[in-house]
Structure formats: structure tokens, C-alpha cells
Amino acid sequence: MGKQDKDAVMSKLHDAIMNFNEDEARSGAEEAVKSGADVLKAVEVMGDAMSELGKGFEKMEVFLPEIVMASGALKEAMKVLQPEILKLVASGTAGKKRPIVIIGTVKGDVHTVGKDMVATMMMTQGFDVVDLGHDVSPSAFLDKARELSATIIAASALMSTTLPVQKDLIDFLNAKNVRQNFKVMVGGGVATKEWAERIGADGYGQDAIEGVEIAKKLTA
Amino acid sequence: MSNTGSKGRIMEVWSRGETGPVCFNTEFDTKRFWPLLKSITKKYKIEYNPNHICPTDDSELDALWNAGMEFFLECGILNVSTERLILFNEQETKKVLANVHRETVLGEGKEACTLRWRAPESYDEGMNPAGVLGRILGPISEDLYEKVCWSYAQEPLIDFVHFQGVVFEINGTAVKPFSPFELASEQKRVAIVKDVCRRAGRPGLSDGASMPVTTQAEMSAAQHWGVKQGDVRHVYVMPHMRTDYDQMCRKYFWDEYGTNTWGILQSFVGGLPGGPSTSAVNGMADLIAYQMLYEPSVCGLWSSDALYFTNTSKYALYVDNFCGAAFQRHVKYPALLGGGWQMTAGIGSEEYFWETACGSIGSTTLGFCVSGGTGHQSGGLDQACGLGARFAAEVGRAVGKARLTRKQANEMMLKIFPKYQPGIDARNLHKKGGDFRTVYDLKTVQPKPEYLAIYEKVKSELRDMGLPIE
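Protein sequence lines, in the order shown, are assigned to chains A and B. In terms of numbering that gives the first Met the number 0, the first sequence has 74 at position 75, counting the first letter as 1, and numbering is strictly consecutive. In terms of numbering that gives the first Met the number 0, the second sequence has 47 at position 48, counting the first letter as 1, and numbering is strictly consecutive.
Bear in mind the hints are in silico, worked out from the structure with no lab data behind them. Any given hint could turn out to be false.
[Stated by the list, open to error] The calculated lysine to aspartate or glutamate pairs, modelled on EDC-like cross-linking and capped at a C-alpha distance of 16 Å, are:
1. B/Lys41 / A/Glu60
2. B/Lys37 / A/Glu60
3. B/Lys30 / A/Glu21
4. B/Lys406 / B/Asp57
5. B/Lys430 / A/Asp22
6. A/Lys58 / B/Asp424
7. A/Lys5 / A/Glu57
8. B/Lys430 / A/Glu193
9. B/Lys30 / B/Glu91
10. B/Lys30 / A/Asp22
If you're wondering where the values come from, they're calculated on a predicted model, not measured in any experiment.
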């Protein structure tokens, strides 16, 4: 396969993300592997497409369900590309791994809109986001973060009565002696910077945009 | 209690969530909700116009109504407890909507107030002409709790209140959902509210708070000393065409107890329902869904921006005003609780009063009730006071006195947006203003002179705009 064909594969992957098309993303990835294209470049191209969608999301030209679908397409492609990337990791030629974020609304709280906005924006900014949904216990955050070797645990709480669960999460991490393995971010309607500092969280975001900025700083 | 009481029909509807088509929670949004919402919005040419926040063209409302109805019928409601769809046909939907209750009584005794449908630009019926909801939401310090409640109960223009300040500690222990402390906190809240209302000479003042997370905690205050039949409790179609068994249990219980229920349109613009136009179609369907699933005594309009939480942005008030007006044009339900339930700016700031004014002007003109009181996105500590609700009421009265047309209301709202929308766009409006400790004299429970001066300044500017506010 020549350069032109490899460019066409990259273009196909880019378009698959922009059009939220899982099938095209998977077949594009398969073509990339088959043709011997640079798989790291393929990941980068898809990441750029996610960033483009993210800019559209902030301007309300692209919408949350579409980002979720685009993220689904990215994940399909990654299933194909991941084994090749692991080979590069083994040979020491792979680039930096996308940081994994475990996100959820804490136990007892069913409010998900703010958390969904943060998760969506993170997906477009180079993070692998695992969304545990709502009513997530500290143990569930901890187990998933350990299982996936996550970089960040992001816990949302909208209500004053569920805010203490963010502190529980940090207490649990300390109790298991794994606090230093993860960066913990908190947010939600009643959370504040002062609260985050008081409970020993690593970061606080007033809204989704600030949350992503903080996550980038924490993983820089 | 003003429900139609057709629990027999509702039980049959709820049971469809056990037999309807399987639809996985993980696939509902992307494979059903969003594709349908996008295509139906396009089909009916629903478009957001930033210069048109208060609707003036009935044909636009009819298009929104038709789009919302089609979306409701095509999409159905997901019962997330069973991962099955609850579906309705057009004939039964129209039959139910033609048979909704026509009036709702909130409160008891001399505090009882009756909400009826009121036409847009109609100022000779209804309550003064709009009913006034005082809204308390967010955490309230233990030492201020009674005083914050008092600041509302003492305001004669307020007709009913959501005394929803959160009691977040019991004897120093954090209150968490599902804990015994949550039950104790709800019992404490209700006891304080009832005591304050009694001492204010308004024992029948309706409390529409839904503070606890859990149904069991709400139920714990359903006692002879606690929740009254003139009170109201929430039941939700959760945002974006979903519900669950917890909500159905709430409705079942409160119907049995004899207390009213309320619901709210919730469309988070910029989130799952997309931009303002698709969010409006979703909101329209939301209001229909309430009648089909829950028949609440009273319904509110509570759209919000998803990226930066605000009830009073151009987007949110567009969704609220268009959906509410279209619904009332076709259903003629008791006066809806109009948009702008809580302000983005902190209490006592100029922006807080401007946000309140903007919501009240649109709401009163369109035949809705007005609301006010809470600030700081309802997330800050001690961010509620009766002065805001008083101001909402006064704006509503002035709109009635001026007999504003929808066109005039829209023009006035467009003049007001520049006074606070830039803070929403910059995502820093919540930093303005004070809190209850700074805004009120804690001995007299009256607003301090410096904050009354801000309130008077905004009133003066409204008079300059042509609104005869006293």
C-alpha cells in the first residue's frame, strides 16, 4: 500500500469519528493494520477528530449524544489497534498512553447532567473515559480504578447530602493505602474549591470546561 | 387535593413498563432518543431565534406542539428500572389531555389558593394576576434555617413556597441518603417549616419542598404533625424521557396520603437534548409525558443550560416560554409555574434581580405563575431570601397593570438580558452577590438597607423601561 492509500485510510478514520460511524471506524482500523500504516498516527488522527467535535460541542454545533457515538466509534477502532500498540509498547516505541478517567456520580445521588458534560468533554480532549453512571459507591470507584490502572478518579455530587461521599472516597483510598496511585477530582452543584482542599482532593472544577482544564494539568 | 385521582388508569400505564419493548439504558439515548429528536425537530422546522424569547406567533407554538406530540408518541418513555419502553397511542393521549384537571388548590384554610388556566395577555383573572412561588433551594446553615424560612413566610405577596433548604447535618453528623439521619433531617425540616408558618399566621401555607433523596425519608414526615394535604411533593419524569419505579412509588404514596404532586419540564440545553430547538421539542414532550404518566396537580417550567447551570439564560427561558405557551394553548391546564425558578447570581446582587425580572415578565405575560428567591445556581450556602420572591411578585403585578402584550414582553426581556447574560456566557455570574448573612439583618429578619437600595435601583430602572412597578 502506497502513501496515497495510507492517507486515504487516515482520512477514513477521521471521517468515521466525525460521522460517529462505528463500522467505518472498525474497518478503517483494520485497513490501517493490514496496510502497515502507522497505528500511532491513526490514534492521533482520531484524537484530532474528537478534538474538532469537542470544539463544536462547546459552540453547540455538535451534541452530547453525538460525542458519545463518536467515542463509541473510537473505541471500536481501538479494539483493532490496541494489540498493535501493545507490540510497540513492548518494543519501547509507543508514545504516551491516553490517561484513563473513572467518572461517576457518588452513592445516593442520581443527578447525572453535570457529570455527563464533564465526561463528554474529557472524551474529546484525549482521555479514555469510563463512566460508571450514578449512585456509585466509593468501593466501586476504587475497584474500577485499580482494575484499569486509571490515572484520575472524578466524583460528582450535586447535593449537600451526597457531598460527604466524596470525602468517603478519599478516606477509602487512604484506608487501602492506594491514595497516591490516583488523582482525585471532585465537582458538582454544591462542591467548592475550599471543600476539595479540605478533603484532600487533587482538583476541583466549577464546570465541565474548568474540569477538563484541571484534568489536563493533573496529567501533564 | 386537586388530582383527578385516576389511579386506575395510571396503574395500567405503569404496568406497560413490565411488558413494553426492551430498550437498554445504554442504547436509549443514542439509538432512539437523539435520532428521533433530531429528525422530528427538522421535520417541523423548529428553530431558535435569539431575538424571540417570549413567543408572539401562535403558528410557531402549534408547530412546536405537533413536533413534541410526535416525538412523545414515537420515542415513548424509558422505565430505567425495567429497561422497557412505556408507549402510548395518539388517541389515548389526546383523550387524557382533553380531560386534565382544570384547577388546583394549594395550601389550606385562608392560605388556600386556586390555580386556574389563564390565557396569554389576560390580566383580569388568576391570582394578582400571577400566582407567586417562593423558592428555597440549596444548603442552609443550621443557625439560619428558621430565619430563612421566616423571610418567605412574612412576605404577603407569596402564595406558596418550596421550603427546600437542605438540612445537611444532624447534631454534627452528615446527612446521607438512605441513612436514618436523612429521615431525621426531613422531619426536622418539616417541623421548622410548619412552626414558622404557624407563627407567621399562615398555618396553611403550602410547602412544596422535596428535600430528601429517598422516598422513605419523604414518607417519614407524612404524619399528623407534618405534611398536609395542601402541601405538594415532586414526582419526576427524569430528564429526557425517562422515569423509574422510585418516581411511581412516590406518586402512589402521595396520592394515597392525599397530598398534591408537582412535576417540571427539565430540558438541559447543550446536554443530551442538544441545542435550544431540539431541547424545546424534548421539553414539549416532557410536559405531555407528565400528564400521561403522573397527572401531577401542578407543573413547572425548569429548563437549564447544561454546561453552566442557569435557569434564566436566553436558551432556558426560550425553552420554558415556548413549551409552556404551546402546552397551555392546547391543553388549558392550571397555571404553570413559570421559568427562572432559581437565579444564577448570588442573592442581593443587581443581576439576581434582573434575572428574576426577566423570568417574571415572560411568565406573567404568558399566563404562568412567577417564582423567585434562590440565588447562586442554588448551589451556594445560604443562598435564598424572601426579598427575591417579593420582587418576582411585584414584577408580575406590574406586568398585569401595564397589560403587556407578548411583543412588548419580548422587547423588555431583550433589554434585560444584556444586564446578566454576559455573566452566564463568561461562566462567572454565580460569583456576584452576597448570602443570607450579608443581605439580611439577622435580628429583625429584614433586608439590610444597602441591599434594599439595590432592589430599589433595579425597580427604578424597570420603571424607566415602562414597567409600572410600585
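How the hints compare with the structure:
Using a Cα cut-off of 16 Å, the hinted pair B/Lys41 and A/Glu60 holds, with the two alpha carbons roughly 15 Å apart. The hinted pair formed by B/Lys37 and A/Glu60 meets the criterion: a straight-line CA distance of about 13 Å does not exceed 16 Å. Our distance criterion of 16 Å between C-alpha atoms is met by B/Lys30 and A/Glu21, whose separation comes to about 13 Å. Distance restraint check for B/Lys406 and B/Asp57: the Cα-Cα separation of roughly 12 Å lies within the 16 Å cut-off, and the hinted pair is therefore satisfied.
Distance restraint check for B/Lys430 and A/Asp22: the Cα-Cα separation of roughly 46 Å exceeds the 16 Å cut-off, and the hinted pair is therefore not satisfied. With a CA separation close to 11 Å, the supplied pair A/Lys58 and B/Asp424 stays within the 16 Å bound. Between A/Lys5 and A/Glu57 the CA atoms are separated by roughly 32 Å; this puts the pair beyond 16 Å, and the hint is violated. Only pairs whose Cα atoms come within 16 Å are accepted, and B/Lys430 paired with A/Glu193 is accepted, the gap being roughly 14 Å.
The hinted pair formed by B/Lys30 and B/Glu91 fails the criterion: a straight-line CA distance of about 26 Å is larger than 16 Å. Between the alpha carbons of B/Lys30 and A/Asp22 the distance comes to roughly 15 Å, so the proposed pair stays at or under 16 Å and holds.
Checked against the numbered hints given earlier, this structure breaks hints 5, 7, 9; the rest are met.
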